[in-house]
Every structure is written in structure tokens, then in C-alpha cells.
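Asks: Residue strings, one per chain:
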Amino acid sequence: MSQKQDEENPAEETGEEKQDTQEKEGILPERAEEAKLKAKYPSLGQKPGGSDFLMKRLQKGVSIISYPLLLESKGILMKSVEQKYFDSGDYNMAKAKMKNKQLPSTGPDKNLVTGDHIPTPQDLPQRKSSLVTSKLAG
Amino acid sequence: MWCFSQVKGAVDDDVAEADIISTVEFNHSGELLATGDKGGRVVIFQQEQENKIQSHSRGEYNVYSTFQSHEPEFDYLKSLEIEEKINKIRWLPQKNAAQFLLSTNDKTIKLWKISERDKRPEGYNLKEEDGRYRDPTTVTTLRVPVFRPMDLMVEASPRRIFANAHTYHINSISINSDYETYLSADDLRINLWHLEITDRSFNIVDIKPANMEELTEVITAAEFHPNSCNTFVYSSSKGTIRLCDMRASALCDRHSKLFEEPEDPSNRSFFSEIISSISDVKFSHSGRYMMTRDYLSVKIWDLNMENRPVETYQVHEYLRSKLCSLYENDCIFDKFECCWNGSDSVVMTGSYNNFFRMFDRNTKRDITLEASRENNKPRTVLKPRKVCASGKRKKDEISVDSLDFNKKILHTAWHPKENIIAVATTNNLYIFQDKVN
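Protein chains in written order, with the UniProt record's numbering: chain R, 1 to 138; chain D, 1 to 437.
One chain only, chain R, in its complex shape (with noise of 0.2 angstroms):
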């Protein structure tokens, strides 16, 4: 008789405590997302020198969001940054690597990795301003 009580409590606390777990996850979707998003991306959370990289958004001109963390976990650069930060030593490597490479003709690409292809002046794209009507004037 004992033992089939014993048997049948673990049983209902086992019961309880998913019950109360799912609850959990219930009320709590942002966790269940939490929890995806770890899946996806196991190096988020740790920290890796936050603000540094708070600072290169700084220095790089684009709007500063406070999530360093985040963003660097992502994986993903940076959308809309063309520029890239370089200081005389730098440029004067790049370069030199550069004159063995053919000059891109749009522009630097958006999609190498920072500091491996330092743009020079000259082949920055020509921003024109648009001497275009706005079609909603249209």
C-alpha cells in the first residue's frame, strides 16, 4: 500500500511542476522566444567586450543602440555601413594591398569583412544628390 503511494507522489509532482513550467512559458512567450533565440545563436549573452563594440558604432557614424551584446552575436554586420574606421598605419597597408587588387567599381563592397579592404578616396561612390523630383511631387 506505501509503496503505491510512493510511487503515485513523484508521479504528481512530476505532474505539477510541468503543469507549472507550461504555465510558465504560457504567460511568459518573450521566454519561449528566449529561448529559441539561444538555440539559434549559443554565443549570445556572453559578454564580449560590450562597450568596445558600442564604441566602433560610435566611431563608425551609425545611430548607437545600446545592445553590443546582441548585435555582435548576431553574426550579421552591420547593415548600412560603408564606412570603415582607419587610422595613417592602416590606410597605408591597405594601400598597398590594394594595388594588387582591381578597384571595385561601385564601391567598396558591403559584404567584406572590416579592415581587410580599406576604401581609399577615390573609389568611394560618387554620391550625387538626387537631382530628382520626389515622385510624391509627381
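Hints are computed from structural coordinates only; laboratory data are not their basis. A couple of the hints might just be wrong.
[Claimed, not checked] Each computed DSS-like pair below joins lysine-lysine, with the alpha-carbon atoms no more than 27 angstroms apart:
{"#": "1", "chain 1": "D", "residue 1": "Lys238", "chain 2": "R", "residue 2": "Lys36"}
{"#": "2", "chain 1": "D", "residue 1": "Lys38", "chain 2": "D", "residue 2": "Lys85"}
{"#": "3", "chain 1": "D", "residue 1": "Lys377", "chain 2": "D", "residue 2": "Lys417"}
{"#": "4", "chain 1": "R", "residue 1": "Lys135", "chain 2": "D", "residue 2": "Lys85"}
{"#": "5", "chain 1": "R", "residue 1": "Lys36", "chain 2": "D", "residue 2": "Lys335"}
{"#": "6", "chain 1": "D", "residue 1": "Lys335", "chain 2": "D", "residue 2": "Lys38"}
Model the placement of chain D on the given structure of chain R, informed by the hints.
Replies: What follows is chain D alone, placed relative to chain R:
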């Protein structure tokens, strides 16, 4: 009951980047409506005088003026491109025949004068009508030049350029109620300018930490109080709003009030801080309340109560279970704006799938409408839309998974006096009116 009135912009789906609308703003009378785009251009529409015969609708908006406000620049020192995208436009109240507005990109604010010219001098003695100079020896009689009417010409000229005051990207400009000064805010600093003085500005807020490693939050929006010329607020990426009084000290780093809703720590998740970031803050016309927009909701705050908002409206709560994918496609960082109607009784904000939402503060009713060319016959009543979060989708409902996240309405504006709204989709501007009868 909202009806379609007009739509401006190209029909084609292939949107040129320059045509992306980045700001929409009515002037103080509502007669003029300005838009700015990613290509640095400003287009101003003017409401035509009310047609007494067609009393069932208010005047239509037609193009009044268009000009290139900002051009792309290159900062050689930092090797940075400076985008020409117009981040914000703010109108000055009208003081004389001309109209003035401030427009800003990431780095430079410009004061533009828009003036009308409807007469021109004719009958010069030494010049032909086309401008060529006449040979003085052929002049036999003298005449007095007179002003003759001409076709209306609207000219825009930059009167002031306020440059080199921001290291980071300008996100807001706001004109003070003294109509002499204005503020400009970037990620870490807020500057106070005088409209007449371009070679200097006062820094009034600086949240840049001495050690950049300690940076944890940035300024996301700022606005002057509509009536108190000493008061302004700024919002942060952490979901807080600080109210500052310029009489307290020259540098308003210490806030007078801090508005923050306490968070239940057990609800905290990876996304909590991101979705709490405030993308817009707007005072009510009365100056008693302010509204903030974060990723999922709109909150109304009473300036007398700092510890929580007095009203909270869910814009698209069904997105809470999609945060993972919204993070992956960057939509979670979208910056939605919000606006009040003229009487502060209704607030409006945009969402995805070209939906936009209105919340009536008195009746507590809300409505979801869509900006789409499907209903583009004038005075067609807009049908309310509904998003089905899960489970069985009813007829006419749209499921969360079918929402187009590329069709976002970030910018909306409400006429200061009438029930006319301007809603910007990616590259089109919709104007809707409330049914008059």
C-alpha cells in the same frame, strides 16, 4: 468613420531608396503638410481652400513646394558618410507672409524659408524682359518699371545652417514655446540653439560617460514642453523619460523628474530592454500629458505622476510571441512614431502590414486601419482590420504569420485642428479624413 482622401507617390513596388519617406509633419494651422525622404528632399503640400459646393469633404492637399534640403556629405576626417536622409521636420509658427521650417539630417539642421512670389517687376529701361542687357544707345524714351502679376512661384531658401554641433546622430529637434530657441538631440547629447545664431549652441544634456565602457543607454527622443519654455523631456533606450528644467542649472544632467514604469523582474527576458526602448515622445497639446511609444505599446503619462503611466495601449501584442524572428530580421529595432489629435482625445501610431492604430482615450475603443491602394476611391470608408493572434482565423481577419513586416508605418501626423490624418507607408503618403456628415 475614416475615409480615404488622397494618396501621393509612385505605384510601383520597386521602391528607390531615396523615395523612402522619413518624416511627416503638419504646420501649426494644418494648411501645410511637409514630408522628408531618404534622398534629402522635402515636399510641402498645401490644403486648397474649402470648396463651398463640395461641403462633404475638406480641401485636398496639393504640391506647394519641393526642394533639396540636405545633400550627402563625406566627413574626410572620420572617413564617414553623412546621409542626406531627413530625420525630422518641425514648423515654426507663422509670423509673416513667409513660412519657416527646420529640417535636419544626422548632423546638420537647416532653417528654410518658404515664400510666395506672385508679382514681378516689368519695364526696365536697360534690361530686356528675358534679362539681356539693352544697348543704352537704343534707348530713346524712359519708362517707370511696374509690378505686374505673375503665376505663383513658391521659393524655398536656406536662411540658417546649424552645423558641427553633433558628434552622434541627431534624432530629434524641437522648437521652444518662446519661438526663439530650439533643441537638437543626438544619441548622447542635447544642444540648445537660438534661431538667429548659427555659430554656437549650448549643450544642455550630456550623458556620455567618462569611460565609454560604461555606456548603457542612449537618448532616443527629446521635446520641449508646449507651454513652459524652461521644460523639456528626453527618452532613453532603457524605457525611461527624464523631464528637465533649464532654470535649475546650465547643464541639465540631473533630471527634475524621472518617469519609469517598474518592471516585474520575473517577467524579464532577453528582449525586455530592447522592446522597452522608447522610439518617440510627444507632449499633449495641453501640456498636461505626454505619450511614449515603445515597441509593443503606447503609454500616456501624467506629468504629475512619475511612477507609472496613466494609460497603456497595446499596439500589436501578438508580436510578443514572434520576438525571435523580429530580432533576426531587425524589425525589433524599428522606430515607430506616435501622435495626438488636436483635442488630445485620440492617439495614433503605426504598425506592420501598412496597418495603423488609433486609441480613443475617452471611449477606450481602438481601431486598426490599413493604408492601401485597394480602397482608393475618395470618400471610401476604411474597413477596420483585425489580426488573429492564434487559433482559428475568422473571415476577414489576417493571421500574424501573413503580416508583411516590410510594410511598416513609422510616421503618422494628425491635423492640429481637424480630423485629417497623414499616414506614410514606405514610399507613399496617404491622407484620410473623417466623414463630415
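Asks: Does each hint hold? Answer for all of them.
Replies: Status of each hint after checking the structure:
no.: 1; hint: D:Lys238 x R:Lys36; verdict: 23 angstroms, holds
no.: 2; hint: D:Lys38 x D:Lys85; verdict: 4 angstroms, holds
no.: 3; hint: D:Lys377 x D:Lys417; verdict: 24 angstroms, holds
no.: 4; hint: R:Lys135 x D:Lys85; verdict: 16 angstroms, holds
no.: 5; hint: R:Lys36 x D:Lys335; verdict: 24 angstroms, holds
no.: 6; hint: D:Lys335 x D:Lys38; verdict: 15 angstroms, holds
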